[in-house]
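The primary structure of each chain is shown beneath.
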Amino acid sequence: MQLLETRPNPSRVMRWAAPALAILLTLLAAALIFAMLGKPPLNAFHVFFIEPLETANGWSELALKAAPLILIAQGLALGFRARVYNIGAEGQLLMGAVFASGVAIWTDGIESAWILPAMVIAGAVGGGLWGALPALLRTRFRAQETLTTLMLTYVATYFLSWLVSGPWRDPGGSNFPQSILFSDSAMFAPIFEGLRINSSIWITVVAVPLFWLFVSRSFAAYQIAVGGEAAAAARYAGFSAERTVWLSLVVSGAAAGIAGAAEAAGPVGQLTLSLSPGYGYAAIIVAWVGRLHPVGIVLAGLLMALIYLGGESAQVSMQLPAAISWLFQGMLLFFLLGADTFVDYRLKRRRVETAAARGANGA
Amino acid sequence: MSVRSSRNSTPRLELCHITKRYPGVVANDDVSLVVQPGEIHAVLGENGAGKSTLMKIIYGAVHADAGQIMWNGREVSIANPAAARHLGIGMVFQHFQLFETLTVVENIALALEGEFDLKTLASRVTSVSEKYGLTLDPQRMVHSLSVGERQRVEIVRCLLQNPQLLILDEPTSVLTPQAVRRLFETLRQLASEGVSILYISHKLNEIQDLCHHATVMQGGRVTGETDPRNETSASLARMMIGRELPVCSVEPYTGEVRPVLELKGLNYRNDDPFGTSLEAINLTVNRGEVLGIAGISGNGQAELLAALSGELLVDSASVLIEGAQVGHLHAGQRRDLGLAFVPEERLGRGAVPAMSLAENFMLTAHRDPQLRRHGLLSFARARELAARCIERFDVRCNGVKAAARSLSGGNLQKFIVGREIMQAPRLMIVAQPTWGVDVGAAAFLRQTLLDLSRSGVAVLVISEELEELFEISDRIAVLAGGKLSQPVPIEETDAERIGLLMSGVQAQAA
Amino acid sequence: MIEHLIPILAVTLAAATPLVFAGLGELVTEKSGVINLGVEGMMLIGAVAGFAGALQWGVFGGLICGALGGMLASLPFAFLTLSLGTNQSATGLALTIFGIGLSAFIGQFFVSQGLPGLQPLRIPLLASIPFLGPILFTQTFVVYLSWLAFAIVAWVLARTRWGLILRAVGESPDAAHAIGYPVIRIRYLATLFGGAMSGIGGAYLSTVYTPLWVQNMTAGRGWIAVALVVFATWKPGRLMFGAYLFGGMTILQLHAQGLGIALPSQLLAAVPYVATILVLVLISRDRKLLQQNLPASLGKPFISN
Numbered sequence: 001m002q003l004l005e006t007r008p009n010p011s012r013v014m015r016w017a018a019p020a021l022a023i024l025l026t027l028l029a030a031a032l033i034f035a036m037l038g039k040p041p042l043n044a045f046h047v048f049f050i051e052p053l054e055t056a057n058g059w060s061e062l063a064l065k066a067a068p069l070i071l072i073a074q075g076l077a078l079g080f081r082a083r084v085y086n087i088g089a090e091g092q093l094l095m096g097a098v099f100a101s102g103v104a105i106w107t108d109g110i111e112s113a114w115i116l117p118a119m120v121i122a123g124a125v126g127g128g129l130w131g132a133l134p135a136l137l138r139t140r141f142r143a144q145e146t147l148t149t150l151m152l153t154y155v156a157t158y159f160l161s162w163l164v165s166g167p168w169r170d171p172g173g174s175n176f177p178q179s180i181l182f183s184d185s186a187m188f189a190p191i192f193e194g195l196r197i198n199s200s201i202w203i204t205v206v207a208v209p210l211f212w213l214f215v216s217r218s219f220a221a222y223q224i225a226v227g228g229e230a231a232a233a234a235r236y237a238g239f240s241a242e243r244t245v246w247l248s249l250v251v252s253g254a255a256a257g258i259a260g261a262a263e264a265a266g267p268v269g270q271l272t273l274s275l276s277p278g279y280g281y282a283a284i285i286v287a288w289v290g291r292l293h294p295v296g297i298v299l300a301g302l303l304m305a306l307i308y309l310g311g312e313s314a315q316v317s318m319q320l321p322a323a324i325s326w327l328f329q330g331m332l333l334f335f336l337l338g339a340d341t342f343v344d345y346r347l348k349r350r351r352v353e354t355a356a357a358r359g360a361n362g363a
Numbered sequence: 001m002s003v004r005s006s007r008n009s010t011p012r013l014e015l016c017h018i019t020k021r022y023p024g025v026v027a028n029d030d031v032s033l034v035v036q037p038g039e040i041h042a043v044l045g046e047n048g049a050g051k052s053t054l055m056k057i058i059y060g061a062v063h064a065d066a067g068q069i070m071w072n073g074r075e076v077s078i079a080n081p082a083a084a085r086h087l088g089i090g091m092v093f094q095h096f097q098l099f100e101t102l103t104v105v106e107n108i109a110l111a112l113e114g115e116f117d118l119k120t121l122a123s124r125v126t127s128v129s130e131k132y133g134l135t136l137d138p139q140r141m142v143h144s145l146s147v148g149e150r151q152r153v154e155i156v157r158c159l160l161q162n163p164q165l166l167i168l169d170e171p172t173s174v175l176t177p178q179a180v181r182r183l184f185e186t187l188r189q190l191a192s193e194g195v196s197i198l199y200i201s202h203k204l205n206e207i208q209d210l211c212h213h214a215t216v217m218q219g220g221r222v223t224g225e226t227d228p229r230n231e232t233s234a235s236l237a238r239m240m241i242g243r244e245l246p247v248c249s250v251e252p253y254t255g256e257v258r259p260v261l262e263l264k265g266l267n268y269r270n271d272d273p274f275g276t277s278l279e280a281i282n283l284t285v286n287r288g289e290v291l292g293i294a295g296i297s298g299n300g301q302a303e304l305l306a307a308l309s310g311e312l313l314v315d316s317a318s319v320l321i322e323g324a325q326v327g328h329l330h331a332g333q334r335r336d337l338g339l340a341f342v343p344e345e346r347l348g349r350g351a352v353p354a355m356s357l358a359e360n361f362m363l364t365a366h367r368d369p370q371l372r373r374h375g376l377l378s379f380a381r382a383r384e385l386a387a388r389c390i391e392r393f394d395v396r397c398n399g400v401k402a403a404a405r406s407l408s409g410g411n412l413q414k415f416i417v418g419r420e421i422m423q424a425p426r427l428m429i430v431a432q433p434t435w436g437v438d439v440g441a442a443a444f445l446r447q448t449l450l451d452l453s454r455s456g457v458a459v460l461v462i463s464e465e466l467e468e469l470f471e472i473s474d475r476i477a478v479l480a481g482g483k484l485s486q487p488v489p490i491e492e493t494d495a496e497r498i499g500l501l502m503s504g505v506q507a508q509a510a
Numbered sequence: 001m002i003e004h005l006i007p008i009l010a011v012t013l014a015a016a017t018p019l020v021f022a023g024l025g026e027l028v029t030e031k032s033g034v035i036n037l038g039v040e041g042m043m044l045i046g047a048v049a050g051f052a053g054a055l056q057w058g059v060f061g062g063l064i065c066g067a068l069g070g071m072l073a074s075l076p077f078a079f080l081t082l083s084l085g086t087n088q089s090a091t092g093l094a095l096t097i098f099g100i101g102l103s104a105f106i107g108q109f110f111v112s113q114g115l116p117g118l119q120p121l122r123i124p125l126l127a128s129i130p131f132l133g134p135i136l137f138t139q140t141f142v143v144y145l146s147w148l149a150f151a152i153v154a155w156v157l158a159r160t161r162w163g164l165i166l167r168a169v170g171e172s173p174d175a176a177h178a179i180g181y182p183v184i185r186i187r188y189l190a191t192l193f194g195g196a197m198s199g200i201g202g203a204y205l206s207t208v209y210t211p212l213w214v215q216n217m218t219a220g221r222g223w224i225a226v227a228l229v230v231f232a233t234w235k236p237g238r239l240m241f242g243a244y245l246f247g248g249m250t251i252l253q254l255h256a257q258g259l260g261i262a263l264p265s266q267l268l269a270a271v272p273y274v275a276t277i278l279v280l281v282l283i284s285r286d287r288k289l290l291q292q293n294l295p296a297s298l299g300k301p302f303i304s305n
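Chains as they are written, first to last, in UniProt numbering: chain A, 1 to 363; chain B, 1 to 510; chain C, 1 to 305.
Hints may be right or wrong, so weigh each one.
As the list claims (entries may be wrong) - Below 30 Å or equal to it, Euclidean Cα-Cα: the simulated DSBU-like pairs (lysine-lysine) are:
(1) K235/C - K288/C
(2) K131/B - K119/B
(3) K119/B - K300/C
(4) K348/A - K288/C
(5) K235/C - K300/C
(6) K203/B - K131/B
(7) K288/C - K264/B
(8) K483/B - K288/C
(9) K288/C - K300/C
(10) K483/B - K203/B
(11) K264/B - K401/B
(12) K300/C - K401/B
(13) K288/C - K119/B
(14) K401/B - K348/A
No wet-lab data here; the hints were simulated from the structure.
Given these sequences and hints, build the entire structure.
What follows is the structure, given as structure tokens:
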């Protein structure tokens with residue numbers, strides 16, 4: 001069964017070819033599924049990937065969906081580099097939205113330029129706290145963050161559900177589980193008249209280069225990378241594993257929380273049960289497909305946003321269930337992980353190599 | 001002894017023109033070898049000579065690209081270790097292939113076929129182990145056994161299959177001199193019963209002491225065949241490495257003598273069920289000396305090293321560097337005070353396998369203000385320094401961008417030692433400096449450490465290789481069962497006395 | 001009071017059964033050194049496959065379809081992690097996302113359909129034992145099947161050569177490989193077994209417990225099953241205890257009002273998830289206990305060069 005051998009040096013080509021290969025394979029698999037459903041694949045691809053971008057509104061929607069995905073994935077990627085698997089960004093996003101909505105609801109009726117920044121900060125605090133909790137559980141009690149972050153997502157969902165059907169339910173609304181509509185000073189202003197894209201997108205635009213600088217040059221990011229590649233080497237060098245856990249969970253939680261605040265104060269405009277279409281989960285895939293690299297994540301985030309839009313348009317014009325975008329996301333991650341193997345490994349060759357790296361493989 | 005004279009009998013094992021290639025290296029090149037029944041046959045060669053690959057081919061764990069294997073006169077192809085065991089080939093691995101959380105008898109059952117009956121097997125284990133003087137309790141968990149006992153498990157596991165050929169790969173690297181003698185008695189007893197023994201080693205005196213015949217390998221080829229009892233160490237060394245074993249030059253230290261590292265009643269209670277606790281360890285290492293700590297791994301070496309390096313935090317007053325209490329400081333803070341450390345695990349601890357040498361240089365060198373300023377790193381500068389390290393310490397590699405894992409063990413060790421020396425340490429701690437390293441690199445590393453100490457650095461070396469410690473140490477102590485013996489100047493002791501201390505006999509000290 | 005307890009405890013056993021199946025499967029997988037975080041996805045695929053099968057062939061056929069579905073779902077995971085050595089956490093996560101999507105996609109055809117459900121099977125004599133009889137021995141046959149599965153898993157692990165080999169592979173794949181065991185093949189089998197058991201657990205939900213298909217109907221049970229294996233410190237007996245504890249918690253929220261607990265239903269619904277976290281914390285802080293039982297190679301890819 002063993003097909004592989006370690007490459008002496010990681011392949012630089014595969015590092016960037018792997019996502020392209022994964023996307024290609026996902027498209028092939030998608031074509032197969034469309035064909036099985038009796039939909040001509042080319043037509044389906046047109047509906048999925050071209051139709052959503054034929055209007056200005058389509059581009060606005062793309063940016064609107066890509067912005068939170070990219071922002072969350074930048075935070076998650078930090079942790080993934082350190083092998084801290086925060087898979088509860090969805091819950092952190094919801095808690096960010098809850099905290100931000102709290103500000104909006106308490107300040108309802110007041111007009112002030114400080115409300116919106118306060119909401120963003122509240123969102124960061126809410127998400128950050130929801131990320132800090134698993135960090136505490138991991139560093140103090142060694143509880144695996146994969147499980148705790150995910151469990152906390154369920155807790156956040158039920159907490160939100162209780163808020164909007166109890167204490168924060170819109171008294172004027174018709175018994176729906178939702179809060180009041182936020183006032184204008186608690187909302188991000190639209191950038192273009194008639195389109196949903198709003199000024200919250202600038203948060204992501206500013207965050208990306210900051211993350212880039214941090215990842216490529218900072219000592220803290222180097223420590224995180226060492227910890228992820230070889231935990232014993234990080235201990236040996238005196239890099240604190242606990243600090244890495246805290247840093248990555250709190251930063252990714254805060255990023256998700258800000259994204260949640262921007263959703264509540266942006267396209268949604270209130271606190272509801274259906275605040276997030278699974279951005280927290282999709283961002284995990286965005287982070288991986290983007291090579292955990294700040295620029296790669298931007299491209300992957302745009303792609304994932306397109307899959308979302310395509311899923312919606314396929315629902316409308318081809319009567320396909322919305323769940324199809326989850327299916328594609330799962331396949332994309334499968335293919336990417338498989339392709340990724342070939343960064344560090346290569347297929348075993350029968351042929352004997354007279355490589356320059358003599359003595360590379362100690363006998 | 002006249003095993004060789006019975007030339008007309010069918011050989012137990014005959015290897016004909018075995019060749020095995022790996023990408024970039026030929027591990028075995030046209031190797032032929034004959035083992036007679038009841039013969040103790042040495043395969044001698046330095047690290048990387050291709051001995052282990054050859055043994056794995058015989059044991060079916062690796063398949064040769066070309067060549068034949070004859071077993072009792074018949075050509076065989078050995079598909080896997082189970083097939084080898086079927087033929088009557090047993091192997092005692094250098095790195096014991098045992099399962100820590102299983103009992104002795106469970107470990108043995110895993111290598112045996114037939115009915116699954118642990119009770120009956122346990123009594124067989126007891127009887128075989130008594131017959132050969134290899135005392136073992138079948139119901140104990142392997143993790144609670146000493147290294148010597150673990151080796152017994154491996155040997156008994158083989159013996160229960162009534163082997164005709166027993167392969168031992170570097171079996172003495174973890175034994176005390178006394179335990180080595182007991183092992184040799186067992187092996188001679190087996191040979192007298194007709195069992196052939198393939199004895200893999202790089203230790204010349206052992207081979208002269210034990211073996212009837214020796215096949216010498218270098219660079220994957222057979223470079224000689226001889227009766228080692230008729231050879232001298234020098235002549236064997238010439239066959240093995242093409243020259244005599246290099247010897248370090250030891251100069252006296254003339255500078256100021258002042259304690260750099262002091263341990264005062266260092267205690268550590270280990271809550272890892274598989275680990276060792278440290279008890280009241282006292283030690284002083286001075287400027288200008290190499291202090292060697294002997295002992296078999298698993299006796300607290302890992303814990304002591306971690307407590308010294310700061311990977312493990314202990315009571316602040318129990319570790320002092322140049323008089324300052326540092327027990328509570330973590331590894332980075334102790335490095336700020338002039339500590340450097342070369343761990344036993346080069347890949348994964350001393351270096352990050354997938355990262356380049358330049359990035360790995362940063363691992364401990366980042367405190368240089370040229371490398372790190374305002375929380376940002378300069379990788380360009382790291383490349384320059386790594387290149388200097390590669391040149392100065394003769395690291396053979398494909399430049400600073402080569403991944404750490406692409407280097408051979410010896411070259412990576414030179415890089416790590418070089419990196420640590422370039423931090424201008426006042427205290428250098430090195431674990432197993434030449435483990436798995438070829439003779440040339442080992443000599444270079446030993447000389448480097450000696451020179452470093454003579455430049456006024458305090459050097460602490462922890463090693464399992466007694467010969468190495470006697471070659472480079474000024475004083476030597478033994479760590480056994482988590483306790484450290486009183487260090488003594490090497491002129492006042494010998495391998496025999498150190499060996500007794502290693503097996504925990506404290507009364508014989510000095 | 002005791003009469004009130006009987007139905008509650010009886011339903012607890014029924015509610016815990018998916019956790020028993022999925023937990024036992026994951027336990028075996030992890031014993032071989034593989035951690036599969038895709039249990040949730042495999043359960044969902046098992047649930048939809050089981051539902052489809054039960055429409056055709058009844059509950060038993062449904063369970064078999066669920067097992068096959070779960071096993072097939074675990075196959076890409078096994079290929080990626082074992083043959084290609086990918087990161088097990090990430091691949092398991094991909095399996096969960098994939099399973100959510102695939103099950104919802106297939107499940108669209110079954111959304112408004114129903115199944116007749118399953119009558120409990122009274123075991124003669126045993127069912128008339130006072131108190132215990134009505135709790136333990138008037139369950140559906142699937143519950144009895146879960147006990148059988150427990151007995152087999154516990155016996156194989158503790159008493160047979162297969163169990164010893166499985167433990168050995170999980171403890172040290174290098175040593176197992178060196179003495180000649182096909183590590184990768186054994187891990188494949190353990191992973192497929194885990195998939196089949198998760199599939200049965202999911203199928204039980206959709207064919208017996210509910211019995212309907214609802215999108216995302218496992219509601220985190222797969223993740224709880226993974227947590228239970230840690231809680232059980234990889235011991236089948238403790239796993240059963242944990243599963244029934246959590247089954248009890250999910251039932252408790254339904255009876256909360258009757259028991260005089262005045263918390264809003266949404267907060268009560270969060271209790272099992274909070275409890276999972278608490279249990280993980282309690283068990284994980286005891287390092288000795290975990291280390292003595294943890295399969296030493298858990299989560300580490302095995303590539304023999």
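Do the hints match the structure? See the list:
1. K235/C - K288/C: holds, 15 Å
2. K131/B - K119/B: holds, 19 Å
3. K119/B - K300/C: violated, 33 Å
4. K348/A - K288/C: Outside the cut-off at roughly 40 Å; violated.
5. K235/C - K300/C: holds, 21 Å
6. K203/B - K131/B: holds, 28 Å
7. K288/C - K264/B: Distance ~28 Å between K288/C and K264/B Cα, so the pair holds.
8. K483/B - K288/C: Holds: K483/B and K288/C sit about 23 Å apart, inside 30 Å.
9. K288/C - K300/C: Holds: K288/C and K300/C sit about 20 Å apart, inside 30 Å.
10. K483/B - K203/B: holds, 28 Å
11. K264/B - K401/B: Status violated; Cα separation ~43 Å.
12. K300/C - K401/B: holds, 27 Å
13. K288/C - K119/B: Distance ~29 Å between K288/C and K119/B Cα, so the pair holds.
14. K401/B - K348/A: Within the cut-off at roughly 24 Å; holds.
In terms of the numbered hints stated before, the structure departs from hints 3, 4, 11, listed from lowest to highest.
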